[in-house]
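**Q** Each chain is listed here by its residues.
There are 2 protein chains.
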Amino acid sequence: MTQTADDVEAVLARANFAADGLLPAIIQQWDTKDVLMLGYMNSEALRRTLTEGRVTFWSRSRQEFWRKGDTSGHAQYVRGAALDCDDDTLLVQVEQIGAACHTGAHACFDVDPLDPVIGGVGEPA
Amino acid sequence: MTQTADDVEAVLARANFAADGLLPAIIQQWDTKDVLMLGYMNSEALRRTLTEGRVTFWSRSRQEFWRKGDTSGHAQYVRGAALDCDDDTLLVQVEQIGAACHTGAHACFDVDPLDPVIGGVGEPA
Numbered sequence: 001m002t003q004t005a006d007d008v009e010a011v012l013a014r015a016n017f018a019a020d021g022l023l024p025a026i027i028q029q030w031d032t033k034d035v036l037m038l039g040y041m042n043s044e045a046l047r048r049t050l051t052e053g054r055v056t057f058w059s060r061s062r063q064e065f066w067r068k069g070d071t072s073g074h075a076q077y078v079r080g081a082a083l084d085c086d087d088d089t090l091l092v093q094v095e096q097i098g099a100a101c102h103t104g105a106h107a108c109f110d111v112d113p114l115d116p117v118i119g120g121v122g123e124p125a
Numbered sequence: 001m002t003q004t005a006d007d008v009e010a011v012l013a014r015a016n017f018a019a020d021g022l023l024p025a026i027i028q029q030w031d032t033k034d035v036l037m038l039g040y041m042n043s044e045a046l047r048r049t050l051t052e053g054r055v056t057f058w059s060r061s062r063q064e065f066w067r068k069g070d071t072s073g074h075a076q077y078v079r080g081a082a083l084d085c086d087d088d089t090l091l092v093q094v095e096q097i098g099a100a101c102h103t104g105a106h107a108c109f110d111v112d113p114l115d116p117v118i119g120g121v122g123e124p125a
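Sequence order for the protein chains is V and G.
Here the first sequence stands for residues 1 to 125, where the numbers follow full-length UniProt numbering.
Here the second sequence stands for residues 1 to 125, where the numbers follow full-length UniProt numbering.
There's no promise every hint is true.
To be verified - Looking from chain G toward chain V, a few residues come up when the C-beta cut is under 7 Å (computed): (1) 12; (2) 19; (3) 22; (4) 28; (5) 33; (6) 35; (7) 51; (8) 53; (9) 84; (10) 98; (11) 101; (12) 111; (13) 113; (14) 117; (15) 119.
What the hints assert, rightly or not - Some, not all, of what chain V presents toward chain G, calculated at C-beta under 7 Å: (16) 24; (17) 30; (18) 51; (19) 82; (20) 89; (21) 91; (22) 104.
Since the hints were made in silico from the structure, they are not lab data.
These figures come from a predicted structure and were not determined experimentally.
All residues carry an ideal CB built from backbone N, CA and C; glycine is no exception.
Next comes chain V alone, as it looks inside the complex (with noise of 0.2 Å):
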């Protein structure tokens, strides 16, 4: 069962905004657990991601809502949501069509892996 419009109001009334009145929202292929991307969400955005079944995003850049897919067609259809613990993020997991990155790549973390040091269990820290 959905919840209802009384739940989704409680949601938007917990969600600790930033200053700047925005959340970041993780977003996760459902099935393969890969993380694609990292959007913003302001209380609108939210209350249609969770309400639509599909992600909504507010851009930074742009100022203004940005449904994905509905330019480039790769939606990202909702599938299971959560706040973390201080309800200062979201993660949203989603069945992605298509590339998720506007480079055409698969997920916006896949361009350009690092080299970080690697850390163990029992290495001097």
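Since the structure of chain V is already known, use the hints to place chain G on it.
**A** Chain G in isolation, oriented as in the chain V frame:
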């Protein structure tokens, strides 16, 4: 081969920190691909994360460096990292020791899953 000091400087120069000097960092368990939490890094926290084998954040609430696990024992050992396509978000794959969340939950997103409307390909949108 891990990156050289010059490589790290190049990454720090390329990273696109927000006006507050911080970059969101998504923390993902490297093998299960669970998204564990999101934290923030300033330039020095990013440097330490890339070079020390353990994840260091900048705590916005305490205004201090916060090496995950120093208090809790729940360290995050670095297994991989990537900046996204516009260099303003970091993804870190880690080996998480114990619980990632201060609540004792495995992940910060496990506490209270939401119940959004589920979308699907071919549905009216």
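**Q** Give a verdict on every hint.
**A** We went through each hint and held it up to the structure:
Taking 7 Å as the C-beta cut-off, the interface hint given for residue 12(G) is violated, the closest approach to chain V being about 11 Å. Interface restraint check for residue 19(G): the shortest CB-CB distance to chain V comes to about 9 Å, outside 7 Å, so the restraint is violated. This hint is violated: residue 22(G) has a C-beta 11 Å from the nearest C-beta of chain V, more than the 7 Å allowed. Evaluation of the residue 28(G) hint against chain V yields a held restraint, the C-beta minimum of about 6 Å falling below 7 Å.
Look at residue 33(G): its Cβ gets to within about 4 Å of chain V, closer than 7 Å, so that hint holds up. At its closest, the beta carbon of residue 35(G) sits 6 Å from a beta carbon of chain V; the interface hint therefore holds under the 7 Å criterion. For residue 51(G), the interface hint holds, the least distance from its beta-carbon to any beta-carbon of chain V being 5 Å, beneath 7 Å. For the restraint placing residue 53(G) at the interface with chain V, the shortest Cβ-Cβ distance is roughly 3 Å, inside the 7 Å limit, so the hint holds.
Interface hint status for residue 84(G): upheld, as the beta-carbon distance to the closest one in chain V is roughly 4 Å, under 7 Å. Against a cut-off of 7 Å between C-beta atoms, the interface hint on residue 98(G) is violated, since the closest Cβ of chain V lies about 11 Å away. Hint status for residue 101(G) relative to chain V: holds, with the closest Cβ pair at about 5 Å, below 7 Å. Of the supplied interface hints, the one on residue 111(G) holds, with its beta-carbon coming within about 5 Å of a beta-carbon of chain V, less than 7 Å.
At about 4 Å, the closest approach between the beta carbon of residue 113(G) and any beta carbon in chain V falls short of 7 Å, and the interface hint on this residue holds. Satisfaction of the interface hint for residue 117(G) is found here, the shortest Cβ-Cβ separation to chain V being roughly 5 Å, below the 7 Å cut-off. This hint holds: residue 119(G) has a C-beta 3 Å from the nearest C-beta of chain V, less than the 7 Å allowed. Taking 7 Å as the C-beta contact cut-off toward chain G, the hint placing residue 24(V) at the interface holds, the least distance being around 5 Å.
Contact between residue 30(V) and chain G, as hinted, is not supported at the beta carbon level, the nearest pair being about 10 Å apart and thus beyond 7 Å. Because the beta carbon of residue 51(V) sits about 5 Å from the nearest beta carbon in chain G, less than 7 Å, this interface hint is met. With a cut of 7 Å, the hint placing residue 82(V) at the interface with chain G holds, because the nearest CB-to-CB distance is about 4 Å. Among the interface hints, the one on residue 89(V) holds; its C-beta lies about 4 Å from the nearest C-beta in chain G, closer than the 7 Å criterion.
Restraint check, residue 91(V) versus chain G: the minimum CB separation of about 4 Å is within 7 Å; hint holds. For the restraint placing residue 104(V) at the interface with chain G, the shortest Cβ-Cβ distance is roughly 10 Å, beyond the 7 Å limit, so the hint is violated.
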